[in-house]
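Q: Order-wise, the sequence lines are chains A and B. Take the first sequence: its letter number 34 is residue 34 in the working numbering, and every next letter is one higher. Take the second sequence: its letter number 98 is residue 98 in the working numbering, and every next letter is one higher.
Quick caveat, the hints were computed from the structure, so don't treat them as lab data. Just so it is clear, the structure is predicted and the values come from calculations on it, not from any experiment. One or more hints might be untrue.
What the hints assert, rightly or not - Computed, partial: chain B to chain A, Cβ under 10 Å:
no., residue
1, Glu4
2, Val61
3, Leu77
4, Ile134
5, Pro145
6, Thr157
7, Val162
Stated by the list, open to error - Subject to a maximum C-alpha distance of 25 Å in a straight line, what follows is the list of computed DSS-like cross-link-like pairs (lysine-lysine):
no., chain 1, residue 1, chain 2, residue 2
8, A, Lys35, A, Lys47
9, A, Lys47, B, Lys88
10, A, Lys35, B, Lys165
Glycine residues also receive a C-beta, built at the ideal position from the N, C-alpha and C atoms.
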Amino acid sequence: MGNSVGQLFVFFVMAVAAAEAAVGLAIIIAMFRNKLTLNIDEINILKW
Amino acid sequence: MSFELLLFLLFGGISAVSSVLMITRTNPVMSALFLILNFAGLAGLYLLLNAQFIAVAQVIVYAGAIMVLFLFVIMLLNPQKEKILENKPTLKIFAFIIAALAFLQIGYLIFLSHPSGTNAGVAASVKAGTVEEIGRELYTYYVLPFEAAGYLLLAATIGALVLAKKKFE
């Protein structure tokens with residue numbers, strides 16, 4: 001007990017979350033280019 | 001009432017109130033600003049837990065980098081004309097049930113569970129949270145995950161650029 005492994009894992013989680021946020025926001029921008037809206041009800045092109 | 005408890009109440013109150021304000025604002029820029037306030041409160045809570053490095057990383061990574069990204073996208077796309085979600089009573093019922101379940105779970109964890117961990121003491125936990133200790137651990141035993149995280153960030157950067165590019169040639 002009393003070691004810093006838990007805080008290291010927080011650090012790795014932060015790195016993964018930062019990567020996720022960047023890719024997610026890029027997807028939102030690409031989506032906005034295609035549909036010219038951000039309304040989630042109108043973004044249904046994955047619907048079959 | 002000790003000084004530490006006062007600080008905990010202050011930072012915890014900031015976090016709770018700003019998160020509620022964040023999800024109730026209609027203006028997305030205001031939401032993002034309250035999210036920054038929330039991250040600042042969380043950083044204070046990390047400091048109270050003797051995790052200095054995590055507190056600083058929280059401010060730099062989340063309140064700094066990620067929020068700049070969020071504000072950039074919000075102001076770039078400028079979603080002014082978007083309709084506010086209409087009120088659906090069935091959605092409200094589902095939301096209430098899920099929130100009640102989460103509340104019960106947290107209440108159980110706080111009041112009825114018996115924590116089994118050992119207490120390492122204040123001195124050991126202060127030492128474990130310093131930048132030296134974390135850096136030593138990171139570059140001694142966790143070099144490979146560290147490099148993998150670096151490649152992950154590089155891949156995410158390139159992927160975001162490719163996704164947000166105007167057209168492919």
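Q: Each hint needs a verdict: does it hold in this structure or not?
A: We went through each hint and held it up to the structure:
1. Glu4: Check failed: Cβ of Glu4 of chain B comes no nearer than 19 Å to chain A, outside 10 Å.
2. Val61: Where the cut-off is 10 Å and the nearest Cβ of chain A is about 5 Å from Val61 of chain B, the hint holds.
3. Leu77: holds (5 Å)
4. Ile134: The hint holds - Ile134 of chain B has a Cβ within 10 Å of chain A, the shortest such distance being about 5 Å.
5. Pro145: Holds, because the Cβ-Cβ distance from Pro145 of chain B to chain A comes to roughly 6 Å (cut-off 10 Å).
6. Thr157: For Thr157 of chain B, the interface hint holds, since the closest Cβ of chain A sits about 7 Å away, which is under 10 Å.
7. Val162: holds (8 Å)
8. A:Lys35 x A:Lys47: Since the Cα atoms of Lys35 of chain A and Lys47 of chain A sit roughly 15 Å apart, the hinted pair holds (cutoff 25 Å).
9. A:Lys47 x B:Lys88: Answer holds: Lys47 of chain A to Lys88 of chain B is near 22 Å, not above 25 Å.
10. A:Lys35 x B:Lys165: holds (16 Å)
When each numbered hint is compared with the structure, a violation occurs for hint 1 only.
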